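Once you've looked at the hints, dock chain L with the ligands against the given chain D.
2 protein chains.
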Amino acid sequence: MAEIYSKTQRAVRWYPPAYDIRVETVPVPKSAALSPAIPIKTLTSCLRSILHPDDAIVKITLAGLCGSDLHVYRGHEDVNDPLICGHEFIGEVVALGASFSSDATNRPALYSDLKLGDKVVSPFTVSCGECHFCRAGISCRCIHSKLFGIPDLPGGQAQYVRVPKAGGTLFKVDSITSLMPPGEEHTLADSSLLLLADILPTGAFAALQALQHPKISPWVNGSAYPYNSFVPEVMASSRPPALPLEDRALTFAVIGLGPVGVCATVSLLHLLAEIHEKSGVTFRVVAVDPNASRREKMQSVLALPSFPPNIDTVVVADIEDAKGVVARWTGGVGCNAILEVVGNNSALTLAYELVRPFGLISSVGVHQAPQLPLTGREAYDKNVSFDFGRCPVRSMLPIASSILIKRQDVFGGIGDQASLIEKVVGFEEAAEVYDLFDKGRCGKVLFDPWQ
Amino acid sequence: MAEIYSKTQRAVRWYPPAYDIRVETVPVPKSAALSPAIPIKTLTSCLRSILHPDDAIVKITLAGLCGSDLHVYRGHEDVNDPLICGHEFIGEVVALGASFSSDATNRPALYSDLKLGDKVVSPFTVSCGECHFCRAGISCRCIHSKLFGIPDLPGGQAQYVRVPKAGGTLFKVDSITSLMPPGEEHTLADSSLLLLADILPTGAFAALQALQHPKISPWVNGSAYPYNSFVPEVMASSRPPALPLEDRALTFAVIGLGPVGVCATVSLLHLLAEIHEKSGVTFRVVAVDPNASRREKMQSVLALPSFPPNIDTVVVADIEDAKGVVARWTGGVGCNAILEVVGNNSALTLAYELVRPFGLISSVGVHQAPQLPLTGREAYDKNVSFDFGRCPVRSMLPIASSILIKRQDVFGGIGDQASLIEKVVGFEEAAEVYDLFDKGRCGKVLFDPWQ
Ligand SMILES: [Zn+2]
Ligand SMILES: [Zn+2]
Ligand SMILES: [Zn+2]
Ligand SMILES: [Zn+2]
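From first to last, the protein sequence lines stand for chains D and L.
Heads up, the first sequence is in my numbering, so the first residue is 2 and it goes up one at a time.
Heads up, the second sequence is in my numbering, so the first residue is 2 and it goes up one at a time.
Just chain D, same shape as in the assembly (with noise of 0.2 Å):
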């Protein structure tokens, strides 16, 4: 169980305008109203000080550093006010708000099941699991929605972190354990599971959105287009025959092999080996960067055993290779679709080189100011489909969960060669590692912000 013995905390603040964390002591949060002698023990008890009833207080267990952290860090967020950082974090319940209840049971299940004490991982956004867009399964543009490492919500570099509309946004790690042979709960490492929060499920996205395009559909499902998910009924008699296996070789690229385009890539050839299993469909994927040393990561992680020895499906290269390998492939047509997990005008644009006519861009990348680098002719000229945006995290939970727990050999290492996480450290190192992330100089890092 759980307790708050103080008042404060200690936590990871960003000042404006640019380039300045700091480590300072703040209050926790609301539950700060505590009596600091009074252990949170109970539910009732927790009550008192809470700011709204679907709140819960969550204790950091580990909090992740992210590529998307720097833009406010470098200053281009357009935020003047300081603020605790950090929206990838995993932890244990330590107060719930008086919504959570037994009788809770018209509202998403954990207002009745959540618990003090619950392992928890959550979303890096807040998702209400209430409103049109949530039950729609569309959670990350839930009308509640807010980002965590905002003024207005503060992150998960911290000791202690308010989670708003708790029992839509939290996940239990224990409806992730229960998908893992009996025994087997205690093998999935805390540093994995932070995984969850962002990097893992938008990289999930990014391959869902290409393998559930209607483009993509005759490759995946063996019906001509356009003999997709929803057919009208006329089109039932019409339907002509299923395309033969030789006909359904896919070729796929991704685009930036940071922490979020390594996870892309993975859930990609995960996915497709269920695809290869089940209808012996075979496919090839070139995943692209310029940058060596992300190439490296991306070849070691290729190495584990989650994936075939020799596996010659996957081809890791620079830019300029890719253009070559993916014209050899295919003979000059272009792949079908192409995971784009950098977000900018060059990578929309190498993504537009490389894939075919009436092919798939899926873009999970953050992109900024820039006008789109494509003229309508060009899009009209090539039928380019494109999927922008932010991934439904919370929706795509139970799959990357079920990724995860199949790739512990991918996700669950640190500080290997081959591990997504680089180092775990403590606070007193956060403004280090921010310089050194901004700079390139090291890869994905955690705090444990009781180190």
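If you are wondering where the hints come from, they were derived from the structure by calculation, not from laboratory data.
These figures come from a predicted structure and were not determined experimentally.
Errors might be hidden in some of the hints.
To be verified - Chain L regions said to be covered by chain D (calculated; three or more residues, Cβ under 8 Å):
1) 210 to 217
2) 360 to 369
3) 417 to 427
The beta carbon of each residue, even a glycine, is placed where N, CA and C say it ideally should be.
Chain L with the ligands alone, transformed into the frame defined by chain D:
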């Protein structure tokens, strides 16, 4: 049985640089080599003069004048040679190459099925039916794709036209009338069949792209995102309960009410009515155009028997009214999907404004040189998807045909206030109707080459 007695024919020709339409006597396509005195009556007698064994020569019954013809007419297409205009035509097969034979069983069905005298519709582009793209149903990106009405491939505003890859390209009217109740086949007007060459399939494609998109699937299929067409195995076990009907009310906008826009609106309503009948899902459509006479045409179409009286699910509006209607219907959230049928940046900008977060813009407008009018950040922040490009007409013909025969009150008329076709004229009026059509002073016109 059709006959060719002449080496020459009359055709509508465009001359560079722009706005120059002449009706001239030109050779009939390749079978011109035949003796003018010998009627073509048998398969064998045709073969001597055909350019390629996969060709058919079609004697034109009706040819359409289309908005896309204006790109060439206005000199916007960088064409320096005179050409025979037109990419929309129906007619009768009068000559077939040697490939057409009962032995051609390993080729697309028409190579063994098509006979002299058969009535056919042609899509506005050639598609072989045999390449990788065609086999996958992507007939608009066939590796042999060629638009009718370019210097390289003389168009259909003539008395005869050469159809390359005819066994893949053409569609037999038989296969349309076979969908009709016996004895009613004669009710299918030639002028309505002409709409199958381009504008009805293109409109239906705009609608189908929206209804098949994974982001629209929660509403159409009742499963929360991302439980769509391709659902990885793990997700099956975590499938959330079906969405209740009250969560599945769909809202669309159609931008641009020219002939294709009317076809898109009617196709969308047709398909939505089918979805409603199956599942009870409700829908609302706003059809938008700044031009009052186009709105009146759309209103007249909606007053036809095809649509229920007092239909309250469709509103025809100018741009400002449309914004108000969408805001009122959706509480400011926006439409699930936008069908963009104009092809310029103000239409795309309006589409972006009217679409909801995590919505889709299905764009079939033929866009020109300007850069796309959105920033990457706008696309990211709204989680927008786009489907751009040309309709795969050949693959869409089964569904477009079905919509056509069920909506003959919409598609069968000529010259009425509700008709998509304003009039049928002879070639002697060609220069005049091009001029009027270019200036927006007449609607869609068909040519009868024999009038
Ligand atoms: Zn992140
Ligand atoms: Zn919500
Ligand atoms: Zn046309
Ligand atoms: Zn083809």
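Hint check results:
1. With a cut-off of 8 Å between beta carbons, the stretch 210 to 217 of chain L has 6 residues touching chain D; three or more are needed, and the interface restraint holds.
2. For the stretch 360 to 369 of chain L, the proposed coverage by chain D is satisfied: 5 residues have a C-beta within less than 8 Å of a C-beta in that chain, meeting the threshold of three.
3. With a cut-off of 8 Å between beta carbons, the stretch 417 to 427 of chain L has 0 residues touching chain D; three or more are needed, and the interface restraint is violated.
Of the numbered hints stated above, the single one contradicted by the structure is hint 3.
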